[in-house]
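S.K.: Using the sequences provided together with the hints, build the complete structure.
2 protein chains.
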Amino acid sequence: MSHSNADQRLKVEAANQLVQRIFVAAGLPQADAATVTDNLVQADLRGHASHGISRARVYCNRIRDGLVATAPEIKVLNETPAAFHLDGGHGMGAVVAAEAMRMCVDKARSSGIAMCSLRAGAHFGIASYYTMQAAEKDMIGYACSNAPATMAPWGGITPMLGTNPFSMSVPAGKHRPIVFDSSSSIVARGKINLAEIEDCPIPLGWAIDDKGRPTTNATEALKGSALPFGEHKGYGIALMIDILAGVLSGAGYGPHLGPLWNNSETHQNLGFFLLAINIASFRNVEEFKAEIDQMIDEIKASKKAPNTDEILMPGEIEYRNEQYNRRHGIVVGPGVLRDLEALLREFELDIDLAAHLRSA
Amino acid sequence: MSHSNADQRLKVEAANQLVQRIFVAAGLPQADAATVTDNLVQADLRGHASHGISRARVYCNRIRDGLVATAPEIKVLNETPAAFHLDGGHGMGAVVAAEAMRMCVDKARSSGIAMCSLRAGAHFGIASYYTMQAAEKDMIGYACSNAPATMAPWGGITPMLGTNPFSMSVPAGKHRPIVFDSSSSIVARGKINLAEIEDCPIPLGWAIDDKGRPTTNATEALKGSALPFGEHKGYGIALMIDILAGVLSGAGYGPHLGPLWNNSETHQNLGFFLLAINIASFRNVEEFKAEIDQMIDEIKASKKAPNTDEILMPGEIEYRNEQYNRRHGIVVGPGVLRDLEALLREFELDIDLAAHLRSA
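Order-wise, the sequence lines are chains W and F.
As numbered in this note's numbering, residues 1 to 360 make up the first sequence, in order.
As numbered in this note's numbering, residues 1001 to 1360 make up the second sequence, in order.
The hints are simulated quantities; they were obtained by calculation from the structure and are not laboratory data.
We put the beta carbon where it would ideally sit given N, CA and C, even for glycine.
A few of these clues could be false.
Below 27 Å or equal to it, Euclidean Cα-Cα: the simulated DSS-like pairs (lysine-lysine) are [to be verified]:
1. F:Lys1211 - F:Lys1223
2. W:Lys211 - W:Lys11
3. F:Lys1137 - F:Lys1174
4. W:Lys303 - W:Lys137
5. W:Lys211 - F:Lys1304
6. W:Lys223 - F:Lys1304
7. W:Lys137 - W:Lys174
8. W:Lys223 - W:Lys211
9. F:Lys1137 - F:Lys1304
10. F:Lys1137 - F:Lys1300
11. F:Lys1300 - W:Lys211
12. F:Lys1075 - F:Lys1174
13. W:Lys304 - F:Lys1223
14. W:Lys211 - W:Lys75
15. F:Lys1300 - F:Lys1174
16. W:Lys211 - F:Lys1303
17. F:Lys1303 - W:Lys304
18. W:Lys75 - W:Lys174
19. F:Lys1075 - W:Lys223
20. W:Lys300 - F:Lys1174
21. W:Lys303 - F:Lys1211
22. W:Lys300 - F:Lys1223
23. F:Lys1137 - W:Lys223
24. F:Lys1223 - W:Lys303
Chain F regions said to be covered by chain W (calculated; three or more residues, Cβ under 8 Å) [to be verified]:
25. 1087–1093
26. 1302–1312
M.R.: Printed below as a string of structure tokens:
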């Protein structure tokens, strides 16, 4: 979605501080508040406002309703030489997934590859947050989560699958890491949620209504179904993620998961599947990175299609967004600002939000 | 592609026998000839003639030219508690990949997850051949291979990436395993190769010519570029596979790999990435399978879109094709028949191909 005239920019340090204070006031320990805030602000920095601090409201609601644990115990249900089966204790997704990826990375140093299969998880934000964590440690990181059913199977109109996100990150040498991050729908459902918050239409082709008709109305789309990318192939990918993340971990799958929004009754009980591959177990890390650099250089130098200025690597736009937004602030729409102001009032936090804003 | 009038059907036992004898005559040991034949005939049975016995000609050419080793040594370059780094010795892809998947499955029994990263590989046919091998052992199997550059990056027109295939298979209980198998292009390049062999046009949208223009001419398409599925998302997936299978193993990537076709000079030096996840390390296997059955039942019973008869699981069409083709024979076009007859003559094999054919 492009910015509307009503959008403003919020300084990054201010966003970090105020969202952290909100989460601490909501009941999270300081360190966990910092992790969740970092996850959300990273999404805003990378240009994915749908997964950014716009989520503070619903996260706080779920803490208030006792549906996200503020001091979860991450239980190891089983451990093998290369895998953990974990129970996330319904803790904040970002806290639990970041810890699980740390466990993968630690184990993969000796095992070559290591995975976590986690149940009792909650919404973990952008999947690339965890895969970049692995890439920083010279590993290839992979992460996916299932999500409540909002997407019909190919040939159907009833949501049976989530718009299940998956990400893989790869370290490079002179270049930035390659960061692939995608939903299995044409766009992340969060972008439709944000359009509803900001009362914007959505492009045709993103979703169908509950009768199976294409729609540009975000509310109708949320009642209907998102569409998979690449037709039956995206359907297959969403299904594979639901199995890897959900069924394998024992979390459950699509229609049996708790919604994030408008749900004051049930845990989400999402499943995560995280993977770290230790490059050094296979190749000299510097040689690997040099070859990734060469690959990037060759692709970017290859012949462009008419009307194309530049061939981009996965994650490149997001990195540029981050550079820009670090300087100028993250974009917040009026709906998100209203939510934040309401949270500050509710938690009686004396922060002058307006003082940190400028027009976008 | 639909069958043309000139297509005929070849009995499965006859196909197995004659292709095995061809490969033995070409120099493969009996057991390896059986594996490669089984891989190709499986593809034909499943309805993917592009990856079936139509490949016998080019495989034999590559053996003749000394570019595929008939008695490869699969070298273990490194072994960790959960991973093998392998050199495939430029052996037949199916022989090497089936052995590598066996190693993954064996290791995963104790390690929970196990992977093989293999370099010096050659074309391995349908990726699902290996993932089904894992599913038969109550594991989730994943396999991908990189391939010589025939697909432009998103925004480009020069082939820099293969139409890199990936597959995942999941065992079920009362139902057949779920078998996802996909190229990262809109269609597998093999379907364009087969269209050229059979002198058929291809649908618009599959490929662009070497000027970047959409084309229905298979030969022009082969000179140009395949198109990724899901636009930039399929591009990202192809790239991730090239890194996982190619760069990690040290095989090389896209533009540096040897073509399968029209290449009498170089090894392919493909990379494979294979993964087996031992379900029993995470859940009771029967419970897991029962939940997969339930998931399948729920999805198939969900509301269908207008003009849709049935919602299909990944691999379901292929399984039905297999049932049908086992009874009626696999479909072979006149181009493939000419190739097989020529091979029988070259190797002086006394097999009456015509006796095993019926009209399709």
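S.K.: Please go over all the hints and tell whether each is borne out by the structure.
M.R.: Hints versus structure:
1. With a C-alpha separation of about 10 Å, the suggested pair Lys1211 of chain F and Lys1223 of chain F falls inside the 27 Å cut-off, and the hint holds.
2. This hinted pair does not check out: Lys211 of chain W and Lys11 of chain W have alpha carbons roughly 43 Å apart, beyond 27 Å.
3. At roughly 16 Å between alpha-carbon atoms, Lys1137 of chain F and Lys1174 of chain F fall within 27 Å of each other, so this suggested pair holds.
4. Of the pairs offered as hints, the one joining Lys303 of chain W and Lys137 of chain W is violated, with about 33 Å between alpha carbons and a cut-off of 27 Å exceeded.
5. As the CA atoms of Lys211 of chain W and Lys1304 of chain F are separated by approximately 10 Å, the hinted pair is consistent with the 27 Å bound.
6. Distance hint between Lys223 of chain W and Lys1304 of chain F is fulfilled; the C-alpha atoms sit about 17 Å from each other, no more than 27 Å.
7. Taken as a hint, the Lys137 of chain W and Lys174 of chain W pair is honoured in the structure, with Cα atoms around 16 Å apart against an allowance of 27 Å.
8. Pair hint Lys223 of chain W plus Lys211 of chain W holds up; C-alpha atoms about 10 Å apart against a cutoff of 27 Å.
9. Pair hint Lys1137 of chain F plus Lys1304 of chain F does not hold up; C-alpha atoms about 33 Å apart against a cutoff of 27 Å.
10. Straight-line distance between C-alpha atoms of Lys1137 of chain F and Lys1300 of chain F comes to about 25 Å, which keeps the hinted pair within the 27 Å bound.
11. For a cut-off of 27 Å, the pair hint linking Lys1300 of chain F to Lys211 of chain W stands: about 18 Å separates their Cα positions.
12. Between Lys1075 of chain F and Lys1174 of chain F the alpha-carbon distance is near 39 Å, which puts this suggested pair outside the 27 Å criterion.
13. Of the supplied pair hints, the one linking Lys304 of chain W and Lys1223 of chain F holds, its CA atoms being roughly 17 Å apart against a limit of 27 Å.
14. Taking the CA atoms of Lys211 of chain W and Lys75 of chain W, the gap is near 42 Å; set against the 27 Å cutoff, the hint is violated.
15. Pair hint Lys1300 of chain F plus Lys1174 of chain F holds up; C-alpha atoms about 14 Å apart against a cutoff of 27 Å.
16. Taken as a hint, the Lys211 of chain W and Lys1303 of chain F pair is honoured in the structure, with Cα atoms around 10 Å apart against an allowance of 27 Å.
17. A hinted pair counts as satisfied when its Cα atoms are at most 27 Å apart, and Lys1303 of chain F with Lys304 of chain W does not qualify at roughly 43 Å.
18. Under the criterion of a C-alpha separation no larger than 27 Å, the hint pairing Lys75 of chain W with Lys174 of chain W is inconsistent with the structure, at around 39 Å.
19. Restraint check: the Cα-Cα separation between Lys1075 of chain F and Lys223 of chain W comes to about 55 Å, which exceeds 27 Å; the hinted pair is violated.
20. For the hint linking Lys300 of chain W to Lys1174 of chain F, the alpha-carbon distance of about 49 Å lies beyond 27 Å, and the restraint is violated.
21. Taking the CA atoms of Lys303 of chain W and Lys1211 of chain F, the gap is near 10 Å; set against the 27 Å cutoff, the hint holds.
22. Proximity of Lys300 of chain W to Lys1223 of chain F is assessed by CA-CA distance (about 21 Å); at most 27 Å being required, the pair is judged to hold.
23. Restraint check for Lys1137 of chain F and Lys223 of chain W: not satisfied, since their Cα atoms lie roughly 41 Å apart, outside the 27 Å limit.
24. Between Lys1223 of chain F and Lys303 of chain W the alpha-carbon distance is near 15 Å, which keeps this suggested pair within the 27 Å criterion.
25. Remark: the stretch 1087–1093 of chain F is not confirmed as covered by chain W, as 0 of its residues place a Cβ nearer than 8 Å to a Cβ of that chain, below the required three.
26. As drawn, the stretch 1302–1312 of chain F meets chain W at 9 residues by the rule of a beta-carbon pair under 8 Å; at three or more, the given contact holds.
Checked against the numbered hints given earlier, this structure breaks hints 2, 4, 9, 12, 14, 17, 18, 19, 20, 23 and 25; the rest are met.
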